[in-house]
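Undergrad: Keeping their order, the protein sequence lines are chains A and B. So that you can map any letter, position 552 of the first sequence is 552 in the working numbering, and since no number is skipped, the others follow by simple counting. So that you can map any letter, position 383 of the second sequence is 383 in the working numbering, and since no number is skipped, the others follow by simple counting.
I should point out that these hints are in silico values taken from the structure, not numbers from a laboratory. There could be a bad hint or two in this list.
Said to hold, decoys possible - Where chain B lies over chain A, by a calculated footprint (3+ residues, C-beta under 8 Å):
hint: 1; segment: 131–138
hint: 2; segment: 181–189
hint: 3; segment: 633–643
hint: 4; segment: 768–780
Each residue gets a CB set at the ideal place from its N, CA and C atoms; glycine is no exception.
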Amino acid sequence: MHDAIYLLAAVLLPYLGAVVAALLPANARLLAWLAGCVALATLAMVGLGFAAIEAGGLPRFDLAWAPELGLSFSLRMDGFAGLFAFMVSGIGVLIVLYARYYMSPEDPIPRFFAFLLAFMGSMMGVVLSGNLIQLVFFWELTSLFSFLLIGYWQNVAAARNGARMALTVTAGGGLALFAGVLILGHIVGSYELDAVLASGEAIRAHPLYLPALVLILLGAMTKSAQFPFHFWLPHAMAAPTPVSAYLHSATLVKAGIFLMARLWPVLAGTDAWFNILCPVGLITLLLGAYVAIFQHDMKALLAYSTISHLGLITLLLSLNSDLAMVAAVFHTVNHATFKASLFMAAGIIDHETGTRDIRRLSGLNESMPFTARLALVAAAAMAGVPLLNGFISKEMFFSEALTVATATSVLHGILPVAATLASILAVTYSLRFIHGAFFGPPVDDLPKQPHEPPQFMRVPVEVLVFLCIVVGILPSATIGPLLDKAVRALLGDATPSYSLAVWHGFNLPLAMSLVALAGGIALYRLLYRHLNAGLEGTPLLGFLDGRRAFEQVMVFISWRFARALVRLMATDRLQIQLMLMVCTALLAATLALLPHGLAAGDVALTAVDPVVAIIWAVGGACAIAAAYQAKYHRLAALVLLGSTGLATCLTFIWFSAPDLALTQLLVEIVTTVLLLLGLRWMPRRIETAGSGAPLARLRRLRDFVIAAVSGLGLAAISYAMMTRVSPDGISREFLTRAYKEGGGTNVVNVILVDFRGFDTMGEITVLGVVALTVFALLRRFRPAPESVGVPDQQQGDARDWLLVPSVTMRLLFPVIIAVSIYLLLRGHDQPGGGFIAGLMLAVGILVQYMAGGTRWVEDHLRVLPLRWMGFGLLLAVGTGVAATVFGRPFLTSYFAYADLGPLGKLPLASAVIFDLGVFALVFGATVLILIVLAHQSVRSQRAAPPPPPVEALREPAIAGED
Amino acid sequence: MNGWEQHLAVAPVALPLIVGAIMVTLDEQRAKLKAALGLASILGLLGIAVFLAIRLHVGIGPGIAVYRLGNWPASFGIVLMLDRLSALLLIVTALLGLAAQLYALPRWQRMGAHFHALLQFQLMGLNGAFLTGDLFNLFVFFEVLLAASYGLALHGSGVARVKAGLHYIAVNLAASLLFLIGVSMIYGVAGTLNMADLAARIPQMPAANRPLLEAGAAILGIAFLVKAAAWPLGFWLVPTYAAASPPAAAIFSMMSKVGIYAVARLVLLLFGTGTGASAGFGGTWLVAGGVATIAFGAVSVLATQDLPRLAGANVYISSGTLLAAVGAGQVGVTGGALFYLVSSALAIGAFFLLIELLDRGRDIGADVLAVTLEAYGEGEEEDEEDDAIGVPIPVTMAILGICFLCCALLLAGLPPLSGFIAKFAMLNALLNPAGLGKGPALIPWSGWALLIALFLSGFATILAMTRAGIRNLWATEDGAVPRVRAIEIAPILMLLLVCIGMTVAAGPVMRYMQAAAATLHAPQDYPRQVLGRTR
C-alpha cells in the first residue's frame with residue numbers, strides 16, 4: 001500500500017510543483033528552492049519505491065481510468081524502471097541546482113521551472129507506466145514539454161525553429177508509437193505491460209508483428225535521435241543549457257532507449273529486429289561521432305556526440321544478445337552521467353565567458369582550473385579512458401562486437417572495425433572539446449572576463465564527475481546492485497553472468513581500446529590545422545544538412561503539395577459547388593437504383609385531360625424558359641416563373657385541393673412582388689462578348705446535360721412512385737380522425753394546426769427568422785452605384801402615375817381585411833386558415849405600398865411587424881404550453897362548443913388560437929420584409945454613400961419600424 | 001419519466017422559442033434585458049439537458065423516452081424521441097450556446113440586429129433536430145436552424161460575410177431541396193414519416209419498393225452530407241465559418257454536427273443490424289466519404305494560412321472522422337465517435353472564440369507570413385547571443401497561450417486532453433471489434449483506412465497548429481497585448497475545462513457514450529418504445 005503511494009507521489013509531485021511554480025511570482029531563489037525540494041522529494045519517493053524492490057516486492061499502483069477501453073492508470077516499478085527513475089529524479093535535482101545559477105535574473109523563471117518540473121513528471125510517467133497506452137500518453141507529454149523548453153527563449157528564431165523541429169519529429173514518432181502500441185494491444189488483448197511482457201512468443205509469431213515493430217521502433221528512433229531522424233537534436237540545443245543537459249542528453253532522448261529495452265524481451269530476437277536496428281545504430285554511431293569532430297559550438301559537439309552514443313546503445317540492443325543488453329543498460333547510465341556533466345561544463349563556460357565557440361576559446365585552464373579538471377575527467381569518460389565508467393561499458397561493447405562478428409553476415413562481420421573506428425572518432429572529439437577550450441594560450445577578447453563559476457553551480461558537475469570516477473574504479477560495488485536489479489527485471493531467468501570488472505586481462509577489447517586512444521590522438525593532431533581554420537561544415541558530408549532537408553520537406557508538404565492538392569480538390573465557386581451537389585445526388589440515386597433497377601408500378605393511368613395537359617405544357621415551358629432567361633433577363637424570368645406557379649395552382653384546383661391552391665396563389669403574389677422590389681436594386685447584367693466562346697459553350701452544354709439528366713431522372717422516379725399503390729400509411733388516419741378528434745372538417749387545416757401543429761410552429765419560426773435576417777441584412781445594404789438613380793416614374797410628381805389603380809387599391813383595403821378575417825375564422829372547417837389569412841392581410845398592405853408609395857403609407861398607417869411576429873409566435877407556443885398546464889402533452893388541442901344561447905353554438909377549438917398565432921406571424925414577417933425592401937427607395941434617395949468599411953458597424957441603423 | 005417531468009422533453013424547443021419571441025418584440029435599446037433573458041434561457045436549457053441525461057442514464061429500461069406531441073398516437077402525430085444521444089447533444093449545444101452568449105456580451109451583440117433572438121432560434125432548431133422522432137419534423141427543424149444560421153452568419157455584415165453567407169444560403173437551400181425529395185420518396189414507399197415506424201416497416205417492405213426506398217435514402221443522405229460538409233460537398237464551410245462572427249462560428253461548430261447526427265440516427269435506425277434486406281446500406285460509402293473528407297481536411301489544414309480558416313479546416317477532419325466512424329457500424333467505434341464528437345465540437349468552438357482574441361493583438365497579415373516565411377526562409381538568423389534572455393509573457397498572453405495549446409492538443413488528438421482519449425477509444429474499437437482481448441477478429445479494410453487517416457490527419461494538425469501557434473504567440477514582433485475582457489476568456493476556459501473534465505472522468509463519460517451507442521445499435525427497441533408494440 002505504501003509502495004503505491006510512493007509511486008503515485010513520484011509522478012504527481014513534479015506536476016504539483018509545476019502548477020505551484022507557474023503561479024508564483026518571478027523570484028528565482030524561492031522558485032529554485034521549491035523546484036529543488038520537489039525534485040528531492042521525488043528522488044526520495046523513488047528511493048522508497050526501490051527499497052521495496054530490494055525487499056523482493058514489485059511496487060505498483062492501479063486506478064481504473066476507463067476500464068471498458070482497457071485503459072487504466074497504472075504505475076509499476078521494477079528494477080529497470082527504478083534505474084531510470086533514479087536517473088530522471090537524481091539528475092533532475094542536480095539540474096535544478098545548476099539552473100538556479102545558470103538562468104539570468106531577467107529570465108522569466110516561473111515558466112522555466114514549471115515546464116522543467118512538468119517534464120520531470122512526464123518522464124517519471126513514461127518510465128513507471130504499467131500500461132502501454134498510458135506510456136504513450138506520457139511520451140507525448142515529454143515531447144510537448146521538450147518543445148516548450150526548447151522554445152523557452154521564444155524571441156530567438158533558432159529556439160522557435162528548433163522547438164518546432166523537435167516537436168514535429170518526436171510527436172510524429174509518438175503517433176507511430178501510438179499506432180504500434182494499438183496493434184500490440186490487438187495482438188495481446190491487453191495494454192497492460194505485464195500482459196504484454198508475458199506474451200513474447202505470440203507477438204513474434206503474429207502476422208502483424210512486423211508493422212507493430214516498425215511503428216514502435218519509429219517512435220523510439222525519433223525520440224532517441226537515430227539516423228535519419230537525428231537532425232532535430234543539434235537544433236534543440238537552442239534551449240537553455242540546463243535543458244540540454246537534462247532533456248537532450250540524460251533523459252528525454254533516453255526514452256527511446258528505455259522503450260526499446262522495455263519491450264526487448266518481447267520484440268527482440270528476430271531477424272527483423274536486427275536488420276532494422278543494427279544498420280540504424282551503426283550509421284548513427286559513426287555519423288554522429290564523425291560530425292561531432294567538426295562542430296565549433298561546444299553544445300553542438302556534445303549533441304552530435306550524444307547522437308553517436310545513442311547509436312551505440314541502439315546497436316547494442318539490436319544484437320539480440322543478453323550480454324549486449326546488459327552493456328546497453330550500463331552504457332545508458334554511464335552516458336547520462338558524463339554527458340550531463342559535460343553539458344553543464346559547457347554551460348558554465350558559456351555563462352562565464354559569453355561564448356561557446358571552440359574557435360574563440362582557448363586556455364581557460366588558467367582562469368577556471370577547477371572546471372577544467374572536472375570537464376577533463378568527464379570528457380575522458382566519454383572517450384573511454386580506463387578507470388572511468390565510459391571505459392567499462394565501451395569494453396563490453398567491444399567484446400560484444402567481437403562475439404557477434406563470428407556470424408556469417410557482412411553486417412555482423414564489420415562490427416568490430418566499426419566499433420573501433422567510432423571509438424577513434426570519439427577520442428578525437430573529446431580531445432577537441434578539452435584541448436580547444438582549456439589548453440593553448442589564454443585569450444582576452446572574450447565577451448566576458450572568464451573566471452570560476454559560483455561554487456554551487458559547480459556542485460552538480462562535481463557530483464556527476466565523482467560518480468564517473470567511482471563507477472569507473474569500483475563498478476560492482478557501486479552501480480552493480482542497481483544494474484543487476486534492472487537487468488534481471490528485463491531478462492528474468494535468462495540473465496547472463498557478466499562481470500563488471502575494470503581489468504579483464506590483456507585481450508582483444510583492451511587492444512581495441514588502446515588502438516582507439518592512439519588513433520584518436522593521432523587523428524586529432526592530423527585534423528588540428530583544419531579544425532582551427534574555422535571552416536563551417538563537415539568535410540565529405542557537407543551536403544547532409546538535416547535542417548535544410550527538413551525545412552524543404554516541410555515547405556513541400558505543408559505549402560506546395562498541400563496547396564496544389566487543395567486547388568485540385570476544392571473550389572470556392574458557387575456554381576461548381578452546386579454542380580457537384582447535383583452530380584453527387586444523381587450518382588447516389590443511380591448507385592442505389594442500379595442493383596435492382598427502377599420499374600414503374602402497376603396502377604392504371606387515367607385518361608389524359610386535354611385542358612390539364614395544356615396547362616402543364618405551358619407551365620413546363622415557362623419553367624424552362626425562366627431558367628433560360630435567368631442570367632441576363634431577370635424580369636422576364638420572374639414573370640415566367642410566376643406563370644409556372646399559376647400552372648401549379650391550377651393543378652391543385654384540378655385535384656380538388658382548394659387550400660393548397662389558395663396558399664399557392666397568395667405565395668406567388670407576395671413572392672413575385674417582393675422579388676420585383678428586390679430586383680430594382682440588382683446591378684444590371686450585360687451579355688458580354690466572350691460568352692459565345694467555344695469553352696463557355698462547352699461548359700453550358702455540360703451544365704445542360706447534367707440538368708437534363710437530373711430532371712429526367714427525378715421525373716422517372718416520380719413516375720415510378722406515383723404508379724405504385726400507396727402503402728397503407730398514415731394518410732387514412734388523418735381523414736378518419738380529422739373531424740372526430742380534431743374538431744374540424746378541413747383536414748388540411750387540422751393537419752396543420754393540430755396533428756402536425758409542431759411542424760407548423762417550426763415553419764412559422766422559420767418564416768419569422770428569415771424576415772429577421774432579411775431585416776438585419778438589408779438595413780445595412782448599399783445598392784450598386786448604377787442602381788441608385790431614381791427611375792422616371794418617381795421623378796417629379798409621382799401621383800400622376802397609377803392614379804386610377806391607386807384609388808381602387810385604397811378602396812379595396814377594408815375589403816381585403818374583411819376577407820382575411822373571414823378566411824382566418826372559417827379555416828378549421830372550410831378552406832382558409834391562419835397562413836392564408838396572414839398572407840391575405842399582407843397583400844392588403846402590399847397593395848397600399850404599391851398604390852401610395854412608402855412615405856404615404858407610413859404617414860397614414862403604423863404597422864409594427866416585429867410586435868406582430870413576436871405576438872404570433874408567443875400565441876402559438878403559448879397554446880402548446882397551455883396544454884401542459886392541464887397535464888396534457890405540448891400542443892394537445894381542446895375542443896368544445898360554446899353555447900351562445902339564441903345565437904346557436906360556436907365551435908371553439910384551442911387550435912383556433914394557435915391558428916391566430918400563425919396568422920399574426922405570417923402577416924408580421926411578410927410585412928417586415930416588405931417594409932425593409934420598400935425603405936431602400938427612401939434611403940438611397942437621401943444618400944448613396946460609398947460602400948462602408950467592414951467594421952463600420954456602429955452607426956445608427958434605420959429601423960424598419962416605428 | 002412521468003408527471004411534470006415528462007414535459008421537460010419539449011422544453012429544449014419551447015423555452016428558446018418563447019424567449020426568442022419575447023426578444024423579437026423588445027426594442028433595440030433593451031439590449032441588457034435581452035442579454036439577461038438569453039443567458040437565463042441558455043442556463044435553463046443546460047440544466048434541463050443535464051437533468052434529462054441523468055434521468056435517462058440512471059433510469060431502467062432501454063433509455064428511450066417518447067413524448068407524443070398533441071397527444072396523438074405515434075404513427076401519425078409527431079413524437080419527440082429522447083435517448084442518451086439526444087440528451088448528450090442537447091448538453092453540448094447548450095454549452096456552446098452559453099459560450100457564444102457570454103462571449104458576445106461585451107462586443108458582438110451590438111454588431112447587428114437581433115443577435116440574441118437569432119441565437120435562441122438557432123438553439124431551438126438544433127435542439128429540435130436532436131429531439132424529433134419524425135422525418136418531416138426533422139426537416140422543419142433543419143430549416144429553423146438553417147434560417148437562424150443564415151442570420152447569424154451574416155451578423156456583423158461586411159463584404160466577406162455577405163459573400164460567404166450568400167453562398168452558404170444558396171448551397172443549403174439546394175440541399176434542403178434534396179432533403180425534401182428524399183423524404184417524400186421515403187414517405188411514398190413507406191407510408192409513414194415516423195422514424196421508429198419506418199424502422200418497423202422497412203424490414204417488411206416488398207422487394208419492388210426497396211429500390212425507391214434506397215434511392216430516397218441515398219438522396220436524403222446527400223442532403224445530410226452537405227450539412228456535414230463531407231468532401232466534395234462541403235466547400236461552403238470554411239469561407240462561411242471563417243467569415244462569421246466568433247460567437248456565431250462557435251455555435252456553428254455544433255451545426256455541422258447536425259448532419260452527422262442525422263446520418264448516424266437514420267443509418268443506424270433504418271439500416272442497422274437486423275433490419276432486413278437493406279441492412280448495412282450505405283456504410284461503405286460513409287467510410288469512403290469520411291476518409292476522403294479527413295484527407296481533404298488534413299490537406300486544407302496544412303495549406304491554410306490564417307487562423308479562422310484553419311479552424312474551419314479542422315471541422316472537415318472532425319466531420320470526416322465521425323462519418324467514417326458511423327459508417328464502420330460497430331458499437332464500440334460509435335461510442336468512441338460520440339466522445340470524439342463532444343470533444344471536437346467543444347474544442348473547435350473554443351478555438352473560434354480564441355482566434356478573435358489573438359487577432360486583436362496582432363498586426364494584420366501575420367499568419368500569411370507564417371507560411372510564406374517558411375517557404376522563403378526567415379531571413380538570417382538573429383544574433384542570438386544578445387537575445388538569449390527570456391521575455392516575460394503578460395498574464396493575458398499566458399492564458400491565451402494555454403488556451404491555444406489546449407485547443408491544439410484537442411484538435412490533434414494528443415495527450416493529455418480528451419482528444420486523445422476519443423481517438424484511442426475509436427481506434428481501440430476499430431482494432432478489436434469484439435472487444436479488447438475477446439478473441440481474434442478480422443479487421444475490415446475500412447478499419448485500417450480510418451486508422452491511417454486518423455493518424456495522418458493528426459500529424460497534419462500538429463504541423464499546422466504548431467506553425468500557427470509559434471507565429472501567433474511566440475514570434476510577435478511588437479509584443480502588443482490584446483485588450484481582452486475576462487468575460488471573453490471565461491467561455492473559452494469553460495469549454496476547455498469541460499474537455500479536461502472529460503479526460504479525468506473518462507471512465508464514467510465513456511460508459512455513458514457506450515450506453516448511448518448501444519441504444520443506437522439496437523434499432524428494434526425504438527418501435528417498441530415509440531409505437532408501443534413489437535414489430
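Undergrad: List in ascending order the numbers of the hints, as given earlier, that are violated by the structure.
TA: 3
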